[in-house]
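Given only the sequences and the hints, what does the whole structure look like? Please build it.
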Amino acid sequence: MGYIADREQFSDFIDKLKEAYEIWAPKKFKGGGRFSDTDAVRYAVIESPDEIELNEKSAYSWKEAVLPPSETLFYFAENHAGETEGPAKKKLVFLRSCDLAAVKRMDQIYMKNGDPDYYYERRRRDMAFALIGCSESCENGFCVSMQSNMADNYDFSVDLVDGHYRLDCKKDEWNEWLKTAGAVSADVAPQRVTENKVKVNIPEDLSYKVGMSSMWDQYDSRCINCGRCNFVCPTCTCFTMQDVYYDDNGKIGERRRVQASCMVDGYTDVAGGGSYRQKNGQRMRFKTLHKVLDFKERFGYQMCVGCGRCDDICPEYISFSNIINHLEDGMKEVRGND
Amino acid sequence: MDINTKQLKKNAFRVTKNRGITSSRVRVPGGFLKAEYLGKIQEIAEKYGNGHVNLTARQGFEIPGIPFEKIDEVNAALQEIIDGTDVNQTGKERGEGYPASGTRNVSACVGNRVCPYACYDTTAFAQRIEKVIFPNDLHFKVVLTGCPNDCQKVRMADIGIMGMTEPHLDPERCISCGACIKACRSKSVDALEKVRFRPQRDAYKCIGCGECVNACPNLAWTRSQKKYYRVTLLGRTGKKNPRMGVDFIKWADEDSIIQIIKNVYDYTAHYINPDSPGGKEHIGYIVDRTGTEEFLKWALKDVHLPEIAEVYTPLNWNGIEYAHNKYFGNQRYHADGTIVTDFSEK
Numbered sequence: 000m001g002y003i004a005d006r007e008q009f010s011d012f013i014d015k016l017k018e019a020y021e022i023w024a025p026k027k028f029k030g031g032g033r034f035s036d037t038d039a040v041r042y043a044v045i046e047s048p049d050e051i052e053l054n055e056k057s058a059y060s061w062k063e064a065v066l067p068p069s070e071t072l073f074y075f076a077e078n079h080a081g082e083t084e085g086p087a088k089k090k091l092v093f094l095r096s097c098d099l100a101a102v103k104r105m106d107q108i109y110m111k112n113g114d115p116d117y118y119y120e121r122r123r124r125d126m127a128f129a130l131i132g133c134s135e136s137c138e139n140g141f142c143v144s145m146q147s148n149m150a151d152n153y154d155f156s157v158d159l160v161d162g163h164y165r166l167d168c169k170k171d172e173w174n175e176w177l178k179t180a181g182a183v184s185a186d187v188a189p190q191r192v193t194e195n196k197v198k199v200n201i202p203e204d205l206s207y208k209v210g211m212s213s214m215w216d217q218y219d220s221r222c223i224n225c226g227r228c229n230f231v232c233p234t235c236t237c238f239t240m241q242d243v244y245y246d247d248n249g250k251i252g253e254r255r256r257v258q259a260s261c262m263v264d265g266y267t268d269v270a271g272g273g274s275y276r277q278k279n280g281q282r283m284r285f286k287t288l289h290k291v292l293d294f295k296e297r298f299g300y301q302m303c304v305g306c307g308r309c310d311d312i313c314p315e316y317i318s319f320s321n322i323i324n325h326l327e328d329g330m331k332e333v334r335g336n337d
Numbered sequence: 000m001d002i003n004t005k006q007l008k009k010n011a012f013r014v015t016k017n018r019g020i021t022s023s024r025v026r027v028p029g030g031f032l033k034a035e036y037l038g039k040i041q042e043i044a045e046k047y048g049n050g051h052v053n054l055t056a057r058q059g060f061e062i063p064g065i066p067f068e069k070i071d072e073v074n075a076a077l078q079e080i081i082d083g084t085d086v087n088q089t090g091k092e093r094g095e096g097y098p099a100s101g102t103r104n105v106s107a108c109v110g111n112r113v114c115p116y117a118c119y120d121t122t123a124f125a126q127r128i129e130k131v132i133f134p135n136d137l138h139f140k141v142v143l144t145g146c147p148n149d150c151q152k153v154r155m156a157d158i159g160i161m162g163m164t165e166p167h168l169d170p171e172r173c174i175s176c177g178a179c180i181k182a183c184r185s186k187s188v189d190a191l192e193k194v195r196f197r198p199q200r201d202a203y204k205c206i207g208c209g210e211c212v213n214a215c216p217n218l219a220w221t222r223s224q225k226k227y228y229r230v231t232l233l234g235r236t237g238k239k240n241p242r243m244g245v246d247f248i249k250w251a252d253e254d255s256i257i258q259i260i261k262n263v264y265d266y267t268a269h270y271i272n273p274d275s276p277g278g279k280e281h282i283g284y285i286v287d288r289t290g291t292e293e294f295l296k297w298a299l300k301d302v303h304l305p306e307i308a309e310v311y312t313p314l315n316w317n318g319i320e321y322a323h324n325k326y327f328g329n330q331r332y333h334a335d336g337t338i339v340t341d342f343s344e345k
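From first to last, the protein sequence lines are chains A and B. In terms of numbering that gives the first Met the number 0, the first sequence has 87 at position 88, counting the first letter as 1, and numbering is strictly consecutive. In terms of numbering that gives the first Met the number 0, the second sequence has 123 at position 124, counting the first letter as 1, and numbering is strictly consecutive.
Rather than coming from a laboratory, the hints here were simulated on the basis of the structure. Any given hint could turn out to be false.
[Unchecked claim] In the EDC-like style, the derived pairs of lysine to aspartate or glutamate whose C-alpha atoms are separated by at most 20 Å in a straight line are: (1) Lys27/A x Glu171/B; (2) Lys26/A x Asp169/B; (3) Lys90/A x Glu171/B; (4) Lys26/A x Glu50/A; (5) Lys225/B x Asp169/B; (6) Lys29/A x Glu165/B; (7) Lys193/B x Glu70/A; (8) Lys181/B x Asp268/A; (9) Lys186/B x Glu315/A; (10) Lys225/B x Asp38/A; (11) Lys130/B x Asp265/B; (12) Lys193/B x Asp246/A; (13) Lys181/B x Asp264/A; (14) Lys26/A x Glu171/B; (15) Lys17/A x Glu50/A; (16) Lys186/B x Asp264/A; (17) Lys193/B x Asp242/A; (18) Lys193/B x Asp268/A; (19) Lys169/A x Glu18/A; (20) Lys296/B x Asp265/B; (21) Lys181/B x Glu315/A; (22) Lys225/B x Asp36/A; (23) Lys29/A x Asp169/B; (24) Lys193/B x Asp247/A; (25) Lys27/A x Asp169/B; (26) Lys193/B x Glu253/A; (27) Lys9/B x Glu92/B; (28) Lys193/B x Asp264/A.
Okay, structure coming up:
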């Protein structure tokens, strides 16, 4: 059902939702940016609709709602261990179409890739989604190429147009709440992007042979292996474990899992001092082929959703879409090797 | 030709080596100006000067080759630039040019309008200071730089202002990548140490440069909402005893700095040698005379520093003594190896 709500009415709706849900949304942190006098937009728990950033794209993705950068799993003391308490409330996440498409990828790894992950599942359980419409394409996004621009498995959508919230709600109970709040029925569909400035082409015959191409070499020096591209990515799922001991005898502590990055040093360290993919170009190759080849071979659809956050944040101006678009040439280069 | 050179200099014109020819000095507080004024400077240089412009050491412009008789016309033409750079003209009528030249242009590095390392808007702060201290005939150099890289070389100024940020760690966002620790070790003061997978900051060592914030891929480190500054004192160049400014206050705030600068003006006006050549005396020499204690008594009057601020003591300067260098290179030799005799020691 479609509705148009003013700020007051939307606020009433949010208040109602807050009774059952913890609401995660992009939020602008004034002065919270990396550089002096810059802001940051990233996910946080919000209390009022005014805190929801509906215009600017968030630099970091929705995944923090379900995969915190650092999460304590349990505490231990000698032979005893105690699990951390799971979330008290279910979550409602405001997100754009690319991120909504990413939910499926995240679920694929954590829920449908062997046994479901307990800690992921307890955050993901009963999660609801509010789609933020996109009135125009962002600068670096290529959601249309990745077919993530039309994700529609949302519970309600929201577009802030001329100070009014345009909502398309799919839940009967929430429709009632909107009516009670005084929202006016209307014909509403979320705004969609149907063309991006950036388009990508993934070669039909893309294979691991492209790893032998010289296309990766430039990243040995260009990339600084900071991992920003991974940490902002709505589909990167990697984590590492940390056992933290509080005391000198090492018997009391906690186990955390912490987001990890295939670009950062240490990712491929193995027992015995081995370390694979030492060059940044090799790491770029690994990341790229995981995003647009390996995942698809395993699960039948592309992992990358084309949100373009990796391009937005790269301090060295390395464009992931540009890398994808060079795979064709890379394949041409290595085909002769047969 | 009859020209009052004292008034000429005060009006920001120079007595040059070429008889009858002066040059006009244009102030640009904070070093930023609208590009349209470049056109105005060009116009003055081509119409009244010799068609050249010098970029001064303190971020102003010097328009050389102006005949003395054109001074009034140049002053009239400067009005637009004076207005556009928001320079106080107290003591002069409009069209009469600059009212003083003793207090030098307040210069600043490019600051956070452009530079990712800068911890504040250096130009805006420079302009605020300019409004407070100009016009004044006292020879003062106030210099601002965005971060402890000190690209603007504030330690060569009477009052040096270096931007700082107090970094804050949100441990829940830390993913233990180590980028901050590496950046601090290789580019700054090695104030971070990995303790239980996360960085621990040594506040005593930390110079507030913000390298950790810039390096962090996950915004675990962020900048303080408040802006802080390191204040350095009494650096100078010159023929007697050039020396670097020393640390005075770490984690000072903007209002305190304004008050300190006003105080140092009061002190200088009170203690300056009335016979100093051209009425100019570097403040450092005055402090050498009165002692640091007396100087500090004046400098810190009515200053309310934030709780975090740290005041350095004692303050000691050394630097270069051209005539009798006690510190470095106290023996000299000619190219053939013969030792240069210092007869003054005999």
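Against the structure, the hints come out as follows:
1. Of the supplied pair hints, the one linking Lys27/A and Glu171/B holds, its CA atoms being roughly 18 Å apart against a limit of 20 Å.
2. Under the criterion of a C-alpha separation no larger than 20 Å, the hint pairing Lys26/A with Asp169/B is consistent with the structure, at around 16 Å.
3. About 19 Å separates the Cα atoms of Lys90/A and Glu171/B, which keeps this hinted pair within 20 Å; it holds.
4. In summary, the hint linking Lys26/A to Glu50/A is supported, as the alpha carbons are separated by about 6 Å, within the 20 Å threshold.
5. With a CA separation close to 17 Å, the supplied pair Lys225/B and Asp169/B stays within the 20 Å bound.
6. For a cut-off of 20 Å, the pair hint linking Lys29/A to Glu165/B stands: about 16 Å separates their Cα positions.
7. Taken as a hint, the Lys193/B and Glu70/A pair is honoured in the structure, with Cα atoms around 18 Å apart against an allowance of 20 Å.
8. Between Lys181/B and Asp268/A the alpha-carbon distance is near 18 Å, which keeps this suggested pair within the 20 Å criterion.
9. Distance check on the hinted pair: Lys186/B and Glu315/A sit about 18 Å apart at the alpha-carbon level, within 20 Å; holds.
10. Annotation: proposed proximity of Lys225/B to Asp38/A holds, straight-line Cα distance about 14 Å (limit 20 Å).
11. A threshold of 20 Å between alpha carbons decides the hint, and for Lys130/B with Asp265/B the separation of about 16 Å falls inside it, so the pair holds.
12. For a cut-off of 20 Å, the pair hint linking Lys193/B to Asp246/A stands: about 16 Å separates their Cα positions.
13. A threshold of 20 Å between alpha carbons decides the hint, and for Lys181/B with Asp264/A the separation of about 12 Å falls inside it, so the pair holds.
14. Restraint check: the Cα-Cα separation between Lys26/A and Glu171/B comes to about 17 Å, which is no more than 20 Å; the hinted pair holds.
15. Restraint check for Lys17/A and Glu50/A: satisfied, since their Cα atoms lie roughly 14 Å apart, inside the 20 Å limit.
16. Distance hint between Lys186/B and Asp264/A is fulfilled; the C-alpha atoms sit about 19 Å from each other, no more than 20 Å.
17. At most 20 Å may separate the alpha-carbon atoms for a hinted pair to count; Lys193/B and Asp242/A meet this at roughly 14 Å.
18. For the hint linking Lys193/B to Asp268/A, the alpha-carbon distance of about 19 Å falls within 20 Å, and the restraint holds.
19. Taking the CA atoms of Lys169/A and Glu18/A, the gap is near 19 Å; set against the 20 Å cutoff, the hint holds.
20. With a CA separation close to 12 Å, the supplied pair Lys296/B and Asp265/B stays within the 20 Å bound.
21. The suggested pairing of Lys181/B with Glu315/A holds, with an alpha-carbon distance near 18 Å, which does not exceed 20 Å.
22. A distance of roughly 10 Å separates the Cα atoms of Lys225/B and Asp36/A; the hinted pair therefore holds under the 20 Å criterion.
23. Between Lys29/A and Asp169/B the CA atoms are separated by roughly 16 Å; this keeps the pair inside 20 Å, and the hint holds.
24. For the hint linking Lys193/B to Asp247/A, the alpha-carbon distance of about 16 Å falls within 20 Å, and the restraint holds.
25. Simply put, Lys27/A and Asp169/B have alpha-carbon atoms about 16 Å apart, close enough for the 20 Å limit, and the pair holds.
26. Our distance criterion of 20 Å between C-alpha atoms is met by Lys193/B and Glu253/A, whose separation comes to about 17 Å.
27. Restraint check for Lys9/B and Glu92/B: satisfied, since their Cα atoms lie roughly 14 Å apart, inside the 20 Å limit.
28. Pair hint Lys193/B plus Asp264/A holds up; C-alpha atoms about 15 Å apart against a cutoff of 20 Å.
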